[in-house]
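J.: Since the structure of chain A is provided, determine the placement of chain B on it from the hints.
Number of protein chains: 2
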Amino acid sequence: MGDMFNAIEEEPDQVVNYFKEMIPQYAADVIYEMYTDNAVDILAYAKAKDLNQYLELLPAEAAVEIRGMLHYQDKTAGAIMSTEYVAITGNQTVRSALHVMKKEALDAETIYYIYVIDDEENLQGVLTLRDLLTNDDDALISDIMNRPVMSVDVQEDQEEVAQTIRDYNFIALPVTNPEGKMIGIINVDDIIDVIDEESAQDYSGLAGVDVDNLPGNPWQAALKRLPWSLGLLILGITTAVVISWYQTLIQKDTLMVTFIAMVMGASGNAGTQSLAVSATRIADKDDEEESTAKMVANEALTGLIVGFFSGILFAVITGIWQQDLDFGLILGLALLIAVTISNVLGCLLPIIFKKLGKDASNVPGALVSTISDLLSALIYFGTIQIFWNLYH
Amino acid sequence: MGDMFNAIEEEPDQVVNYFKEMIPQYAADVIYEMYTDNAVDILAYAKAKDLNQYLELLPAEAAVEIRGMLHYQDKTAGAIMSTEYVAITGNQTVRSALHVMKKEALDAETIYYIYVIDDEENLQGVLTLRDLLTNDDDALISDIMNRPVMSVDVQEDQEEVAQTIRDYNFIALPVTNPEGKMIGIINVDDIIDVIDEESAQDYSGLAGVDVDNLPGNPWQAALKRLPWSLGLLILGITTAVVISWYQTLIQKDTLMVTFIAMVMGASGNAGTQSLAVSATRIADKDDEEESTAKMVANEALTGLIVGFFSGILFAVITGIWQQDLDFGLILGLALLIAVTISNVLGCLLPIIFKKLGKDASNVPGALVSTISDLLSALIYFGTIQIFWNLYH
Numbered sequence: 001m002g003d004m005f006n007a008i009e010e011e012p013d014q015v016v017n018y019f020k021e022m023i024p025q026y027a028a029d030v031i032y033e034m035y036t037d038n039a040v041d042i043l044a045y046a047k048a049k050d051l052n053q054y055l056e057l058l059p060a061e062a063a064v065e066i067r068g069m070l071h072y073q074d075k076t077a078g079a080i081m082s083t084e085y086v087a088i089t090g091n092q093t094v095r096s097a098l099h100v101m102k103k104e105a106l107d108a109e110t111i112y113y114i115y116v117i118d119d120e121e122n123l124q125g126v127l128t129l130r131d132l133l134t135n136d137d138d139a140l141i142s143d144i145m146n147r148p149v150m151s152v153d154v155q156e157d158q159e160e161v162a163q164t165i166r167d168y169n170f171i172a173l174p175v176t177n178p179e180g181k182m183i184g185i186i187n188v189d190d191i192i193d194v195i196d197e198e199s200a201q202d203y204s205g206l207a208g209v210d211v212d213n214l215p216g217n218p219w220q221a222a223l224k225r226l227p228w229s230l231g232l233l234i235l236g237i238t239t240a241v242v243i244s245w246y247q248t249l250i251q252k253d254t255l256m257v258t259f260i261a262m263v264m265g266a267s268g269n270a271g272t273q274s275l276a277v278s279a280t281r282i283a284d285k286d287d288e289e290e291s292t293a294k295m296v297a298n299e300a301l302t303g304l305i306v307g308f309f310s311g312i313l314f315a316v317i318t319g320i321w322q323q324d325l326d327f328g329l330i331l332g333l334a335l336l337i338a339v340t341i342s343n344v345l346g347c348l349l350p351i352i353f354k355k356l357g358k359d360a361s362n363v364p365g366a367l368v369s370t371i372s373d374l375l376s377a378l379i380y381f382g383t384i385q386i387f388w389n390l391y392h
Numbered sequence: 393m394g395d396m397f398n399a400i401e402e403e404p405d406q407v408v409n410y411f412k413e414m415i416p417q418y419a420a421d422v423i424y425e426m427y428t429d430n431a432v433d434i435l436a437y438a439k440a441k442d443l444n445q446y447l448e449l450l451p452a453e454a455a456v457e458i459r460g461m462l463h464y465q466d467k468t469a470g471a472i473m474s475t476e477y478v479a480i481t482g483n484q485t486v487r488s489a490l491h492v493m494k495k496e497a498l499d500a501e502t503i504y505y506i507y508v509i510d511d512e513e514n515l516q517g518v519l520t521l522r523d524l525l526t527n528d529d530d531a532l533i534s535d536i537m538n539r540p541v542m543s544v545d546v547q548e549d550q551e552e553v554a555q556t557i558r559d560y561n562f563i564a565l566p567v568t569n570p571e572g573k574m575i576g577i578i579n580v581d582d583i584i585d586v587i588d589e590e591s592a593q594d595y596s597g598l599a600g601v602d603v604d605n606l607p608g609n610p611w612q613a614a615l616k617r618l619p620w621s622l623g624l625l626i627l628g629i630t631t632a633v634v635i636s637w638y639q640t641l642i643q644k645d646t647l648m649v650t651f652i653a654m655v656m657g658a659s660g661n662a663g664t665q666s667l668a669v670s671a672t673r674i675a676d677k678d679d680e681e682e683s684t685a686k687m688v689a690n691e692a693l694t695g696l697i698v699g700f701f702s703g704i705l706f707a708v709i710t711g712i713w714q715q716d717l718d719f720g721l722i723l724g725l726a727l728l729i730a731v732t733i734s735n736v737l738g739c740l741l742p743i744i745f746k747k748l749g750k751d752a753s754n755v756p757g758a759l760v761s762t763i764s765d766l767l768s769a770l771i772y773f774g775t776i777q778i779f780w781n782l783y784h
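Quick mapping for you: the protein sequence lines, in order, are chains A and B.
Take 1 as the starting number for the first sequence in our numbering and just add one per residue.
Take 393 as the starting number for the second sequence in our numbering and just add one per residue.
Source of the hints: derived by calculation from the structure; they are not laboratory data.
Check the hints yourself; a few may be wrong.
Per the computed footprint, the stretches of chain A lying under chain B, defined by three or more beta-carbons under 8 Å from a beta-carbon of chain B, are [unchecked claim]: (1) 16-24; (2) 231-243.
Restricting the straight-line Cα-Cα distance to at most 30 Å, the calculated cross-link-like pairs of lysine-lysine (DSS-like) are [what the hints assert, rightly or not]: (3) B:616 / A:354; (4) A:102 / B:495; (5) A:252 / A:294; (6) B:494 / A:294; (7) B:494 / A:103; (8) A:102 / B:494; (9) B:495 / A:355; (10) B:686 / A:224; (11) A:252 / B:644; (12) B:495 / B:616; (13) A:224 / A:358; (14) B:644 / A:103; (15) A:252 / A:75.
Quick caveat, the model's predicted, so the values are computed rather than measured.
Beta carbons: idealized from backbone N, C-alpha and C, even for Gly.
Next comes chain A alone, as it looks inside the complex (with noise of 0.2 Å):
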């Protein structure tokens, strides 16, 4: 029951509900069955009630155990990893490590590494079974393992715990707390489920639209996108204000409406492209102080040459339609001026948002191109109005 339990694709908000229909002894054995991280993730939901009452029928040393897991922030090293592990001391044999492992396998998430640990529990080195399997037996631990090891704070973001063992494809990495105590290990798979999560978050982030967690009928879709249908709707009202100003100059040559659309798509595709690009290059990068300017001067460039181009085709474009070449070259520089400020404003956000200590990756697609619309209208019925005054 414990492993099924293990393997469970739920949410573990639903779990916890499961937890609540068995008779509170039962719960208590499948949660003692678990492995704690996975236990821990479901208990997280419980009410104060059930989780008290869970814990007081737990064996004295596991009720510690989660309660001090549940204490760990949410998104850390210390949310996810697991205390079932192997560890033993520098002056054990190969031998006598093999035979501790035989006796903790059947309890330990991973047997693949065994970390080797000195009296205050401070982490020393790691072996692999593959080290144990290819020493004599005779050889002594401290000689054959390896250090230095790489391990995590228990505070560290599980993103960056992804990241690591991404980078030095780890099936397990040990977590010290700020003591250098080994404390835990997180393992490979509950890594997959952090790099799920993370890029589903950037995806429903660009979409404005929470994709990890479906709701079941269109109520409840619609209840989750109203209010943001219904903030940029409002945020909207800013770009028919500044269409308004222009009323006059629309009067004098209707015509001009006709391309408004046009600018305002090439815009927004080019601010949420830029947007897009943008996070990615945040969330990529380690030492962002030094190249901030130069990721917005970048996003500037590649904006003023898609600008310029899109530029050339559409006074083309509007040029041969309207058979008027100096209508086309004024809509064309509109489109080149809006192009490249929402390819600066695509990757502005993101890096506010990260100032504002939020995750870059939040910034939604339509965002951008909502305040793309406002800054197209404003530079297109701008560019339109400036040379208007000069040649009329």
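T.: This is chain B only, laid out in the frame that chain A set:
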């Protein structure tokens, strides 16, 4: 050197250039030291002449294996599998299996699983090192092995393989050919690469720009974005044509232009949300046939609900602003229709992509919003025209 190249983070098409800079025999030595799957990834980018030179300098057996794997299709199990694994037969004892392990431990990419094969190399069962360590040394492998063994076909899509490893928390998964012979294993670290690749693709698809291979300078970046930007600009001409149809209507009261951007923005946003949700549903779903119609119906209903409340808000805003409730109600109705249609559009496009044999996650958000702009223009001015004709 082989270890360094196994862990190298650069793109294979870059790494192959390092080989070119080496003396061919040295390159062959490095290739020989590498795990076969990693070497094959890189050699897939080598020129035929260089490839043949390396293969001639390799031991015959290794050359045959690499040549064989180069023929597996990209993004299948065969292309990402490794051929370094430990296999034993069922009539061995735990002791002799451990002996085999010790001998092969240095070469195999993972020694956590030991596969049991018969004389025809058909996969019979699997053991973990844990099983070996916790069973008596004299136990017969066929008595203690786990069966049936979950395996994947060599032609299986890598995404399916990733899903299986994820669902069952495996560290490795055996690969069989169509006759059931075991021919390789896929390790969890290779699967993490697949998951990263697929999620970067989904994100890139939605954004309409490749974020997986970020170019170094603005020129390259612009060149990558230009085809897409120009293509959408050309598609946008259709929207301009639609708006030009309504010139006479717009001339009657240019005020209506003020709110077109809000309707296009709200519809585009709704369409993108619907796209992200639908593409995710399609990717997650196994039995798609029965519920495609239901998915479209659900999105239409979600669009109606979001459109209804957005329409009311829009009617109130525009009605109060223009001191004309009738005008507000007409605009609100237009928004309701436009949002609903865009929701259906965002859901239909990934379905159509899938039917055409393309990846449903590759529908760009900007394609949805460009088509949505066109439809919104039609619906917006069309609705106003109908009521104009009714009341004037």
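J.: Enumerate the violated hints, using their earlier numbering and listing them in ascending order.
T.: Failing hints, ascending: 1, 5, 6, 9, 12, 14, 15.
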